Structure formats: C-alpha cells, structure tokens
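**Student:** Kindly generate the complete structure, drawing on both the sequences and the hints.
In the order they appear, the protein sequences are chains A and B.
Read in order, the letters of the first sequence correspond to residues 1 to 219 in our numbering.
Read in order, the letters of the second sequence correspond to residues 1 to 219 in our numbering.
Just so you know, the hints here were simulated from the structure itself, not pulled from any lab data.
Treat the hints with caution; some may be incorrect.
Copies of the same chain look alike in the list, so a pair counts if it works inside one copy or between any two.
Keeping only pairs whose Cα atoms sit at most 27 Å apart, straight-line, the calculated DSSO-like set for lysine-lysine is [said to hold, decoys possible]:
hint	residue 1	residue 2
1	K116	K36
2	K65	K158
3	K65	K212
4	K158	K43
5	K212	K141
6	K116	K65
7	K158	K132
8	K212	K160
9	K132	K160
10	K140	K65
11	K10	K65
12	K116	K43
13	K212	K140
14	K36	K158
15	K36	K132
Just so it is clear, the structure is predicted and the values come from calculations on it, not from any experiment.
There are 2 protein chains.
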Amino acid sequence: MHRHFEEVEKELLNRLLYMGSLAEEMIHLAVEGLEKRAEEPLKKVAANEEQVNNLHIELDDRCLKLLALHQPAAGDLRFIMAAIKINSDLERIADQAVNISENAAVLLSQPPLQRKLLNIPRMAVLAQGMLKDSLDSLVKKDVNLARSVVGRDDEEDKLKGSAFTDLMELMQSDSSTIQRALGLILIARNIERIADHATNVAEDVIFMVLGKDIRHHAQ
Amino acid sequence: MHRHFEEVEKELLNRLLYMGSLAEEMIHLAVEGLEKRAEEPLKKVAANEEQVNNLHIELDDRCLKLLALHQPAAGDLRFIMAAIKINSDLERIADQAVNISENAAVLLSQPPLQRKLLNIPRMAVLAQGMLKDSLDSLVKKDVNLARSVVGRDDEEDKLKGSAFTDLMELMQSDSSTIQRALGLILIARNIERIADHATNVAEDVIFMVLGKDIRHHAQ
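**Tutor:** If you want it as structure tokens, here you go:
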C-alpha cells in the first residue's frame, strides 16, 4: 500500500520549496513596507506567517512518515535529514521577517530619518538572494551554488557591522533619532539572521549531496 | 554486527546532555563575566564553543547512523527526530552565549553604567532554568516539566520588553550611555533567543513523548 518513495519525496521537496517561496515573499514584503513606508505589505507578512507555521508542522510530519514507512538509506536518508533541518531554518526565516515587519511598523509611526535606511535595503537584497540561491541549490543539487551562498555570509556580517556603526553615530549626534535608529539596528540584526539561516540551508544541501559536513569549517 | 539499539540510543542521549551542559556552562560564564566585570569567564566561553561545534557535527552523524542501521519506528523514531532538532537548538544556544560574551567584553572596556544591568541577570537566570528544565524533561520524558518551560517564555519576553524600555530611556536621558546601553539591549535579545531555543527543546520533548505537535499552538 506504500506509495512509491520517489513520488512522496518529490512532494516533500515541493512543499519545502513552497514554504521557502512564502518566506522569501515575507522578507520582500517586510522590506518593501519599510522602504516605501507602506502598511499594506506589512499586513501581508502577518497573513503569510500562519501558512508557514502550518507548513512547519506538516513538513516535520511528512519527514517522520517517510522515515517510518520507507526506511530510506544513503542519499535519500540524507535528503530527509536535510529537509528536517531546512524546514526549521525556513520557519525561523519567516519569524525574522515578522520581526522586521513589526519593527518597521513602529518606524512608520514616526517621521523618517534624514539619513534614511543606510545600507539596510542592500543587506535585504543580499539575504534574499542567499535564500533564493540556497533553495535553487537544493532543487538542482548544485554544490557550487550552495558554496557561493556560504561565501556571501561574510559580506552580510560586514554590512551589518557598518550599519551598526553608522546608526550608533547617528544616535550619539542627535538624541531625537535614538528610538528610530534602534529600530533599524534591530532590523539589520534580523536580516543578518536570515542570511545565517540561508547559509545553514546551503550547508545542509552540501551535506545532502556530498555526504560531507562542512559546518564549523570542518572540511 | 549492529550494536543493540537501546545502547546506541542511550549513548546519543548522553552526548546530547553533555552538549547541553556545555551550553549551560557557556551562558553561566558569559553572564558571570558581565556581572563581575571579569575577563576570565568570557575566555572560557570561547574555549567551550569548539567542543559544542564538534558535538553538533558528531550528533547529527550519530542520528544519521541510527536511522540508517537500525531503522527505528514509533517512539524511537520520534526520539531521533527530537535529537536532530535539539542538537541544532543547543548549538544555537551556545552561539548566543558567545554573542553575549562578545558584547560583554566590549562593555568591560568601558566604565560601568550607574543603573547597572537592570533586569538582565534575572533574564539570564530564567533562561538558564528553562534550558536546564528542558533537558531534564528530555531525560525524564516529563511532559509537565516541558510544558512549564514553554509557559515561562512569555515572562522572558516581558522582561526583555521592560529592559528595552529602560535602556532606551537611559540612552535618551544621557547620550554618553548610548554605546553601553546598546550593548545591553543586544545581550537582552541574546538571552531572549536562548529562552526561545529552550522552548523549542521542550516542545520537541512533548512531541517525542506524546507524538503530538504543540508548536504554533497547534494543540
């Protein structure tokens, strides 16, 4: 009575990718709301969150059933291990998008800062690209693409460091900016965490394809 | 040639608990360094990190081998699913302890704030208790203890909210405190994340014991 393993595995992958696309959209909407000072996109972030949370539970359940019913080995088993971990990273990415959206909503209620958003939109573009490519590397089992995602994480850390420095200077030079600058610092931190999770996804893809754990520079 | 499943499973649990005890120690040391303004404990945090990272890799490998060689079912399978996820949460807790320690090191290079650390030590005690109890609930398969951990997360969020408010007021009233207050805000956020991860561990224990997913209030 068991359905063919490949079929069920394909379905799991598709649901994971769908969850990833929802998370990508949430980041996009949260940053759009921040940049355009628009509430509408921020509301959509909250609407996506419930779907992501449901998928989080559904995907763990699918993984458990695949393990229980099909007792997969080797590459198939590594795929499911990767799926369990990627599921958790995608859920956390969605959480961070919600945090960005909540911090952005507070900023919208106040006048814009003169120095605007500094390099935060650039950080967001980088993180979104890392997430997109990490998911593409999963579909294509493309180790080189996954490695390029891992390689981009340092750039994100540098951008965050420079955003922190600029925002702290701003707070020190004009105390009326403190609350808003702090909001942006928290958003920069949220985006950096998204890049970290995308890096985790890419590392899981590398492990899945090569059977080799490169985390913590173990290679 | 396969060793008895229970024996290998027991070993996995013991290694997971050892990793948890290292992470607990890292939180303790990071906060001790912050409170006593002492560098020595902060250095020990960095020393523990490498061990935790090695365990992170080792434990995923143990889980994969258990799945491949023993093809466990039902409760045993749920235990391994839980172990995979708890492994990842413990690694992230250790990461957050490193972040606290790095932020504390910067604070140590500057004169102490008059208002000291506000409710941050209390936040740390709460998070450490949540981590300890989540691991105890794993050992004892104690659903009530796990539920009590989940229940404490709201208190941590409230404490963080009040720390944020106090620290923002401090920055606004005295701009010479901005950098230090920001350091404490980041530490409060790190501690809150530790409590979140401990909550994840507790939720995984509940799922492992009951076969019931209570995340995202699914119950």
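**Student:** Each of the hints needs a verdict: does it hold here or not?
**Tutor:** Going down the list of hints, with the structure as the test:
1. For the identical chains of this complex, K116 and K36 are intra-copy neighbours only, at 11 Å inside a copy versus 39 Å across copies, given an alpha-carbon limit of 27 Å.
2. For the identical chains of this complex, K65 and K158 are neighbours neither inside a copy (42 Å) nor across copies (38 Å), given an alpha-carbon limit of 27 Å.
3. Taking identical chains as interchangeable, the C-alpha atoms of K65 and K212 lie at most 27 Å apart whether they share a chain (25 Å) or sit on different chains (14 Å).
4. Within a single copy, K158 and K43 get their C-alpha atoms only as close as 30 Å, which misses the 27 Å cut-off; across copies the closest is 24 Å, which meets it.
5. Taking the shortest Cα distances, K212 and K141 sit within 27 Å of each other inside one copy (14 Å), while across copies they are farther apart (33 Å).
6. Taking the shortest Cα distances, K116 and K65 never come within 27 Å of each other, neither inside one copy (49 Å) nor across copies (52 Å).
7. In this assembly of identical chains, the alpha carbons of K158 and K132 lie at most 27 Å apart only when taken from the same copy (21 Å versus 35 Å across copies).
8. When the C-alpha separation of K212 and K160 is checked against a cutoff of 27 Å, the pair qualifies neither within a copy, at 30 Å, nor between copies, at 39 Å.
9. When the C-alpha separation of K132 and K160 is checked against a cutoff of 27 Å, the pair qualifies only within one copy, where the shortest distance is 20 Å, while the shortest distance between copies is 33 Å.
10. Both within a single protomer and between protomers do K140 and K65 lie at most 27 Å apart by alpha-carbon distance, with minima of 24 Å and 25 Å respectively.
11. Within a single copy, K10 and K65 get their C-alpha atoms as close as 14 Å, and across copies as close as 23 Å, so both meet the 27 Å cut-off.
12. In this assembly of identical chains, the alpha carbons of K116 and K43 lie at most 27 Å apart only when taken from the same copy (22 Å versus 38 Å across copies).
13. For the homomeric pair K212 and K140, the shortest alpha-carbon distance inside one copy (17 Å) is at most 27 Å, but the shortest distance between copies (34 Å) is not.
14. With identical chains, the CA atoms of K36 and K158 are at most 27 Å apart within one copy only, with a shortest distance of 25 Å there and 31 Å across copies.
15. Proximity of K36 and K132 under a CA criterion of 27 Å is satisfied intra-copy only: 23 Å inside one chain copy versus 44 Å between copies.
Of the hints listed earlier, those the structure fails to meet are numbers 2, 6 and 8, in rising order.
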